[in-house]
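Participant: For reference, the chains in residue letters:
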Amino acid sequence: MSYIELKNVSYRYPLAEADALKNINYAFEEGKLYGIIGENGGGKTTFCDLIKGLIPSFYGGDLTGEVFIKGKEIREWESSALASTIGYIFQNPFTQISGIKETVFEEIALGLENLGVEREEIIDRVINVVKQLKIEHLVKNNPNKLSGGQRQRVAFASIIAMETDILVIDEPTSQLDPKGTSDIFEIIHLLKEQGKTILLVEHKIDLIAEYADEVLVIKQGELITNGKTSDVFSDVNLLNEGVNIPQIALLSNDMKEQGKPFDTFAITRSQAREQILKKGSEKICH
Amino acid sequence: MMDETFINSYRSPQLSKNWLLNLNPLNKINIYIALGLITLFFQHWQVNVVITLVFILLAVAAGCFKSFIGPFLKLGLVIGPFFFIVRAIFWPGENMIFNYGIINITQEGIDLGIQYATIMLVVCGILVLCTVTIKAEDLTYSLEKIGVPHNVSFMILSSLQLIIDLKDKTKVIMDSQRSRGIETEGNVFVRIKAFVPVLSPLFLGAISGAEEKTIAMDARAFSSANPNTHLRFLRPTPALEKILVILVDILILGLIILGVVL
Ligand SMILES: Nc1ncnc2c1ncn2[C@@H]1O[C@H](COP(=O)(O)OP(=O)(O)OP(=O)(O)O)[C@@H](O)[C@H]1O
Ligand SMILES: [Mg+2]
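As given, the protein sequences belong to chains R and E, one line each in that order.
Position in the first sequence (first residue = 1) + 48 = my numbering.
Position in the second sequence (first residue = 1) + 1254 = my numbering.
One should not assume that every hint holds.
As the list claims (entries may be wrong) - Below, computed lysine-lysine pairings styled on DSSO-like, alpha-carbon distance capped at 27 angstroms: (1) E:1389 - R:193; (2) R:70 - R:118; (3) R:252 - R:179; (4) R:188 - E:1271; (5) E:1425 - R:188; (6) R:193 - E:1328; (7) E:1467 - R:244; (8) R:240 - R:308; (9) E:1425 - E:1496; (10) R:188 - R:252; (11) R:240 - R:276; (12) R:179 - R:193; (13) R:193 - E:1320; (14) E:1328 - R:188; (15) R:118 - R:240; (16) R:193 - E:1423; (17) R:304 - R:55; (18) R:193 - E:1496.
Just so you know, the hints here were simulated from the structure itself, not pulled from any lab data.
Given the structure is predicted, the values throughout are model-derived calculations rather than measurements.
Hey, can you work out the whole structure from these sequences and the hints?
Facilitator: Here it is, written out as C-alpha cells:
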C-alpha cells in the first residue's frame, strides 16, 4: 500500500478560470524524500495544500479524483488527526508564528500543548529541536520580533517538535543565508534518516539533487516529469520547461555529448569528483 | 548552551517578587472593576479622583508605575477633556455662564462635564492597569482553568495581539508615508488626513494575514480533540488571596450601600 496516493486529481480554486492541478496521479512511498520543483505559479504550493487537507476544506473550489493518506481518503480524515500525522511548514515564515507566545521556547511548545503532551515531555522535546536547529540563543526571545530567517527556523522547529510521520515543507530556506540553508538541509536529511516521509518544495536545485530520492516536476498544474532524481536531471530538455538543472548534471551531459560519458550520470559534486578521479586513475594505469 | 534557570522557570508556577502581580488575573480584574463601580453609585467627582489615585497607588504597589503613567496620561488627557467639553458646551441648564449660538455653557453642564471626565479617568485607569499588571497569556490560562473553552481564550489572546500588531504596522506605514513626503505630524486634521490612506493597506494586510494564520494554527494541531496542556502555569489561588478578594468585594459593596443610603 502506498503511503500517500493521488488518483486522477484535479483542482480548481473558487472563481479561477483554469485548473491549478490537472489530472495528477502519483504514489508516494514511506520513508522517502521527494523533491517538488517547477516554475513559479506552477502549482507546487497548491499541491502541498492538497496533501495537508486544506483543499478543498479550507480553500473551497472543485476537487475531483481521490487522495489517500495512509490508505484513508483525505475527506474522511478529521482535521485534528491529520494535524498530528502531517506537519506542514509553509512558504511565508511571517504568518507561521502564532503571535500569542512571549518566548520562542513557548512558541515551539504550542503545538505540543494543543496535542495534550505532558509538561516534562514538552520541555524535553522542545530542548531537543532547539538543539537540532541550533537556535539555543533564541529561546528567550519574543517570537514576534525575529528576523525572517530566525522565524523560518522557529517555524521549522515548531513543526518538527510535533513529530509527525509526514512532513510537507514548502520552500523552507527562502529567507535563509547559505549557512542557514545548509543547516536546514542537514536537519531534513536527519529527519529522513529517522524514517519520515518528506515532500519538499525547493528552488535550490543542487540541494534537491543531493538530498531527494525522487523528483516531481510540476508545470501549469501538470505533473510533467517524475522519477529517480538522477534520471530526472539527466534529461536536459527539462531546461525548456522552466526548470533549472544542476550544473554538474549539465557537465555530465557535456561529457556524454563529447563522447566521453561518465560511467554513471553524475548530478552532484561528490558523484562527479568520484567519476573524474576514477577516469584519471584509469588513464594512469593504461 | 541553554539557560537552565530559564528552562526550570517552566517547571514551577510563574511567580514574581511582587504580591500584587502574583494575584490571579481574574482576581486583579475583580478588584479593579469593583473599585471602578464605586464611582457609579456616588456620583461625586471627588470620589472619582480618589479612585483614580487608588489606581495610581496600585500601579506603584505593583512596581509598574513607569509603564502605567505614560499610557494613562496619554489616554486620560485625551478622553477626559473630550467628555468634559462635550458635556460642558451642550448641556442645557438654568445657570447660564456663557452663550453664543449653539454653544451654551451652564454651571450644570460644567458640573456634569467634570463628573464625566473624572469617570473616564477611572475607566482609563482600569484599562491601563489591566494591561500593565496582567499578561494576556496568564489571563487566558486562568480563564481556561475556570472552564472557558480553549478556542474562546485563543480568540481573546489573538485579538489582543492583533491590536498590538495593528499599532506596530500603523507606525511602519506612517513612517514610509512620511518618507514619501506625506505630512503625518501636526494638528488633528493633518493627522486624520494622513491616517486615512493608512487604513486600507492595514486592513487588507490584516485580513489576508488572518487566512494564513488560520492555516498556521491548524498546522499546530489547534483543532486537536485532546484536552490541551499548559507549559506555562500559574499557582492555584492561595486561600488567603481568595479571602482577601472576598473581603475587598464586601468592603466595596458596603461602601456602595452606604453611598446609596446617604
Ligand atoms: N488562493 C488562491 N486562489 C486562487 N488562485 C490561486 C490561489 N493560490 C494560488 N492560486 C493560483 O494557482 C496557481 C498555482 O499557484 P501556486 O501557489 O500553487 O504556485 P507555486 O508553484 O507554489 O509557485 P511559487 O514557486 O511562486 O511558490 C497560480 O496560477 C496561482 O495564481
Ligand atoms: Mg509556492
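Participant: Honestly, which of those hints from before does the structure not fit?
Facilitator: 8, 9, 10, 14, 17 and 18
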